[in-house]
Amino acid sequence: MRAHFGLPSVEKEEVEGRPPIGVKFEIPYFTVSGIQVRYMKIIEKSGYQALPWVRYITQSGDYQLRTS
Numbered sequence: 001m002r003a004h005f006g007l008p009s010v011e012k013e014e015v016e017g018r019p020p021i022g023v024k025f026e027i028p029y030f031t032v033s034g035i036q037v038r039y040m041k042i043i044e045k046s047g048y049q050a051l052p053w054v055r056y057i058t059q060s061g062d063y064q065l066r067t068s
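Position one of the sequence shown corresponds to residue 1 (this note's numbering), numbered consecutively onward.
Fair warning: there could be bad hints in the mix.
What the hints assert, rightly or not - The following label-pair restraints were derived from C-beta to C-beta distances:
#1 Glu26 x Pro52: 16 to 26 Å
#2 Pro28 x Pro52: 28 to 38 Å
#3 Gly6 x Val32: 16 to 26 Å
#4 Arg55 x Ala3: 18 to 28 Å
#5 Glu26 x Gln49: 27 to 37 Å
Quick caveat, the hints were computed from the structure, so don't treat them as lab data. By construction, the Cβ of each residue, glycine as well, lies at the ideal position given by its N, Cα and C atoms.
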């Protein structure tokens with residue numbers, strides 16, 4: 001999986017003076033860790049019909065990347 005971001009140019013010479021890049025994303029049907037549910041057993045005594053399915057979603061967290 002790849003992503004390309006077009007960013008405005010930053011004119012500062014100092015690496016510490018450049019602002020961090022913030023990105024929010026959501027990737028449905030994908031887990032970064034690779035975790036998978038292979039078996040699910042649902043026991044429901046109240047009569048509610050539970051459906052045995054799992055939705056995998058990867059969401060952005062608190063990550064900061066700095067360009068060099």
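Hints, one by one, checked against the model:
no. : hint                      : verdict
1   : Glu26 x Pro52: 16 to 26 Å : holds, 24 Å
2   : Pro28 x Pro52: 28 to 38 Å : violated, 19 Å
3   : Gly6 x Val32: 16 to 26 Å  : holds, 24 Å
4   : Arg55 x Ala3: 18 to 28 Å  : holds, 22 Å
5   : Glu26 x Gln49: 27 to 37 Å : holds, 29 Å
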